[in-house]
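Q: Whole structure, please, built from the sequences with the hints as guidance.
For the sequence shown, counting from 1, position 30 maps to 30 in the working numbering; every step adds exactly one.
These are calculated hints, taken from the structure and not from any lab test.
Source: prediction; values computed, not measured.
All clues given are correct.
Lysine to aspartate or glutamate pairs mimicking EDC-like chemistry, simulated, CA-CA at most 20 Å apart:
#1 Lys103 x Glu69
#2 Lys80 x Glu191
#3 Lys223 x Asp139
#4 Lys80 x Asp91
#5 Lys103 x Glu61
#6 Lys223 x Asp235
#7 Lys103 x Asp184
#8 Lys80 x Asp121
#9 Lys223 x Asp199
#10 Lys80 x Glu69
#11 Lys80 x Asp43
#12 Lys223 x Glu254
#13 Lys103 x Asp91
#14 Lys80 x Glu186
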Amino acid sequence: MTANRPAAPLRIAGAIRTDVGCVRQLNEDSVAFIASAGRDDRDYGALALVADGMGGNAAGEVASALALEVVRRVYYSLDKIPSEALRAAFDAANRAIFDYAAKHPDCAGMGTTCTALGVRDSLLWLAHVGDSRAYLMRDGRLTQLSDDQTLHAQLVRDGVMSPEDAGKGAGSNVILQALGTRLDVEPTIWEGLPLRQGDIVVLCSDGLTNLVSDARIAEAVSKNPPPVACRLLIDAARRGGGHDNISVGVFVAETDIADPAI
Numbered sequence: 001m002t003a004n005r006p007a008a009p010l011r012i013a014g015a016i017r018t019d020v021g022c023v024r025q026l027n028e029d030s031v032a033f034i035a036s037a038g039r040d041d042r043d044y045g046a047l048a049l050v051a052d053g054m055g056g057n058a059a060g061e062v063a064s065a066l067a068l069e070v071v072r073r074v075y076y077s078l079d080k081i082p083s084e085a086l087r088a089a090f091d092a093a094n095r096a097i098f099d100y101a102a103k104h105p106d107c108a109g110m111g112t113t114c115t116a117l118g119v120r121d122s123l124l125w126l127a128h129v130g131d132s133r134a135y136l137m138r139d140g141r142l143t144q145l146s147d148d149q150t151l152h153a154q155l156v157r158d159g160v161m162s163p164e165d166a167g168k169g170a171g172s173n174v175i176l177q178a179l180g181t182r183l184d185v186e187p188t189i190w191e192g193l194p195l196r197q198g199d200i201v202v203l204c205s206d207g208l209t210n211l212v213s214d215a216r217i218a219e220a221v222s223k224n225p226p227p228v229a230c231r232l233l234i235d236a237a238r239r240g241g242g243h244d245n246i247s248v249g250v251f252v253a254e255t256d257i258a259d260p261a262i
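A: Pasting the structure below:
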């Protein structure tokens, strides 16, 4: 009999990879996955992040690396619920990048997208700025959790542009928000989403989604373990031209403890 036994807590396990692509000489993406971190004997859960830097020369690489380091450090330093910790971490990263650019003229105008997920107490928390993406694969269906913060995506949401025309022509590469480009930024923060056993979460930069369809992403992550899915998706983007850096993380919700029949 199992009705009165509490469900085992869920954690995420997975893989994250980044690739320079086929055209660019420098990889300006930064990625991280911390499976678990604790302080004062308390488990602060997992954190995964994709940041896609912009700014030319090495500036984009600097911006994305700063975002990764500051978000990681601040998130795990605060005794707050994940939504508050993520907001504070994004605010701190935005200011750190902005201040660095002000002190280094060769980095003027640099910025970075940033999409991060935290998992704690079987809940998924998300924070997002820019056009990197987060997806949830559940019950065989892939759903985009994040909204692209681009000019064309906003025009589609406003009913001014059709989805078929998005990504084509003038303004297709205009990002409405990025960390570090101005003093104030408004990240989108999702409250905790209850995870289910077998849920798959995908993080990726637009170097993947500009070249690989959602259907191909769904097929790869549903049929392969995370390290293999990451490799297959990066290979698919490279075959499609690989004109940008490519980053992808695939994470599966699972229990630490087997659920034996009683």
